[in-house]
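S.K.: Assemble chain R onto chain W, guided by the hints.
One letter stands for each residue in the lines below.
Number of protein chains: 2
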Amino acid sequence: MALIVQKYGGTSVADIDRIRIVAERVKKTWDDGNQVAVILSAMAGVTDQLAKWVREMAPLHDAREYDTVVSTGEQVTVGLLALALQQLGVPARSWLGWQIPLHTDGTHGSARIEDIDATELKKRLAKNEVPVIAGFQGVGPMGRIATLGRGGSDTSAVAFAAALEADRCDICTDVEGVFTADPRIVAGARKLDKITYEEMLEMASQGAKVLQTRSVEMAMKYHVPLQVLSSFSDAPGTFVMDEEEIVENEAVSGIAYTRDEAKVTVVNVADKPGIAAALFGPLAAASINVDMIVQNVAADGTSTDMTFTVPRSDLARALQVIEDAADALSYDRVESDPQVVKVSVIGVGMRSHAGVANTMFTALAEKGINIQVISTSEIKISVLIAEDYTELAVRALHTAYGLDAE
Amino acid sequence: MALIVQKYGGTSVADIDRIRIVAERVKKTWDDGNQVAVILSAMAGVTDQLAKWVREMAPLHDAREYDTVVSTGEQVTVGLLALALQQLGVPARSWLGWQIPLHTDGTHGSARIEDIDATELKKRLAKNEVPVIAGFQGVGPMGRIATLGRGGSDTSAVAFAAALEADRCDICTDVEGVFTADPRIVAGARKLDKITYEEMLEMASQGAKVLQTRSVEMAMKYHVPLQVLSSFSDAPGTFVMDEEEIVENEAVSGIAYTRDEAKVTVVNVADKPGIAAALFGPLAAASINVDMIVQNVAADGTSTDMTFTVPRSDLARALQVIEDAADALSYDRVESDPQVVKVSVIGVGMRSHAGVANTMFTALAEKGINIQVISTSEIKISVLIAEDYTELAVRALHTAYGLDAE
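Here the protein sequences line up with chains W and R, keeping their order. The first sequence begins at 1 in the working numbering and counts up by one. The second sequence begins at 1 in the working numbering and counts up by one.
Hint data in this document are derived by calculation from the structure and do not stem from the laboratory. Please note that the accuracy of each hint is not assured.
Pairs involving identical chains hold if they fit within one copy or between any two copies, as the list cannot separate such chains.
Below, simulated DSS-like cross-link-like pairs (lysine-lysine); rule was C-alpha separation at most 30 Å, straight line [to be verified]:
#1 Lys28 to Lys52
#2 Lys194 to Lys272
#3 Lys27 to Lys52
#4 Lys194 to Lys123
#5 Lys123 to Lys221
#6 Lys194 to Lys221
#7 Lys191 to Lys52
#8 Lys367 to Lys27
#9 Lys367 to Lys191
So that you can see chain W by itself, here it is in the shape it has in the complex (with noise of 0.2 Å):
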């Protein structure tokens, strides 16, 4: 017998047919004698049109009300799931983030959880009663309801496995797993059967969202062992684990990439002392991260190209930013390149192979793939190329890891 956490996006629990489908899937794994205790997204879409009407109404709204508005998605699901577990003869009660209480901070829109109180949980739980709770949502610090962003179901799952220390926390999806690289891309793209919470938040923040980074760190953070599977397949999907629990590890766990960047370079800066600080100190203030930093001296050896990639979203600002800042930094001009992409190679067993950075290099080189950027990480090596030879890239990358499919 085992404590289960089981939680369920928004596409498990799209309509009253899914809903009921669900049931069935807890109940099976109440029926084996577990005690389980369900988190849930809302219906999908529903959050959408929430946020939607919200800033129809307010375009810079008033996050507790914004709060008030969208946690409302899930208060149906849990109710309409418990109804669902009472059909089926399993006792189940709905709970929502002030009823636990899930305490957050006072960061409405996106808080951060402070402290569960699982003492009533525990109780209920151990009297086999289910209990469905309400994901993405808390109570801030004035008794207010309080959202943890988006994705924060997935967040909210990992916090209660802590909380309740659960055996396992299952992430009930759209799909089977975390993969070896995407498979709309790439054809012979494996299931992983296990992975390290370190690869997965590389996997996670390079674009391949199966699960939100947060919950990765915090399941990290406690320990929490995780299952990313289908909420629509009996299969087994990709256990995420610590890295002692990994017998053996591949060099290369997977391929991921995103395009969510833009390369900036600003030409022939003044080569002296305090010229990064001066340049990025503006774009932090600004709350814009920098990702990826390369700094070519020019010939001469007094001035310099400096070049990084900014979040899409945000280039048009960090042009701004660097304009305003352009007395202070004294530069030729500014470039920018939205159709860029980052590809990334990812495995901590990259710590202990030789030439895997090599690999890399070479298998791009023989598709005639220009690299633009390189940043590495211990378990992590990506590069910055244009947008168009993405998949070419990924395909080629899978390949020349030995990562295809037999």
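M.R.: Chain R in isolation, oriented as in the chain W frame:
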């Protein structure tokens, strides 16, 4: 300066544009130097949709989960109206039942208000903030959301008006006030300027459907001055108040009708003591409300026909109850007729005016309408007639009592 509670129904907050119009109306009252608290319903149709989902999921549903689901409609509108008011520069804040808190009993699905803690609301009002309060909802004894039953937002509005000691409670709806008769039937129906609580109670329960009965009872108990008026025009509506405040009363204020009743006749019941109890006891035990009752003693004096009305939706159940009681009752047969309508003339003035009943019987006789059952109260005379004659009867009575607009 006054403290005014304004309640807006579902059609008044049916979409973003209408909520903006409501915000303008609230702002106007607020700009005039009044303190304003607003009570809202859900967008028109939303509560029905939510209730439909609940019934689809579980025909015999747990009322606590029903309440969790259906209470979300008001949560959306209060958040949106608070935003709309803020956009207009009016400080506003949404309030849910549990945040106030408004405590109810444990009768989920049709809970009764036990008390309202108005401390914080009063503080906010004193600072000129506009509380935007979710109608129809409170929090039950176990910390669960409890709803007040359909139309409960009217009751919420009156309860808050009483708790806040408001100078007036405006019920803003899609009609212009209370009319002397249903304007869809009587072209010459007039809007009443004033009406007593007692008359309004009869009008509401007789099918005038502008105010929930419970809200009128509560307004009468706490002497809350009500105004029923249109959300879509600036014309004054109908004031509902204590009889003492209305200087002069007409004999009859209005004509109401309801198609919600069905007639039952138990033929040739033995006419002996205790027979009424043997008939109506089991009906009461089955929670079937018997309304009009008439007993005709047969010529031989040994048996009687008992005729009465029950809610049309309970007719089949009532007939079953009577059949089950056949042994104790001993009757020949039971006849029933759902094709009946109850038409009533209402007016506190009939206490001091003679001949009111006679005017009614004469007017109906002149149109050849047969009266099947008569019942009277201090301020009302009701007759049961064949449903086909509904419009004819209502128009004839409207004219007979001189209610037609000139």
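S.K.: Are the hints correct? Go through all of them and say.
M.R.: To see whether the hints hold, each was checked on the structure:
1. Lys28 to Lys52: between (37 Å within a copy, 27 Å between copies)
2. Lys194 to Lys272: neither (47 Å within a copy, 84 Å between copies)
3. Lys27 to Lys52: So lysine 27 and lysine 52 pass the 30 Å test across copies only (24 Å; inside, 35 Å).
4. Lys194 to Lys123: So lysine 194 and lysine 123 fail the 30 Å test inside a copy (33 Å) and across (56 Å) alike.
5. Lys123 to Lys221: within (25 Å within a copy, 43 Å between copies)
6. Lys194 to Lys221: Classified as within: same-chain Cα gap 18 Å, cross-chain 68 Å, threshold 30 Å.
7. Lys191 to Lys52: Neither. Shortest intra-copy (35 Å) and inter-copy (40 Å) distances fail the 30 Å Cα cut-off.
8. Lys367 to Lys27: Answer is neither: 51 Å inside a copy and 66 Å across each miss the 30 Å cutoff.
9. Lys367 to Lys191: within (26 Å within a copy, 82 Å between copies)
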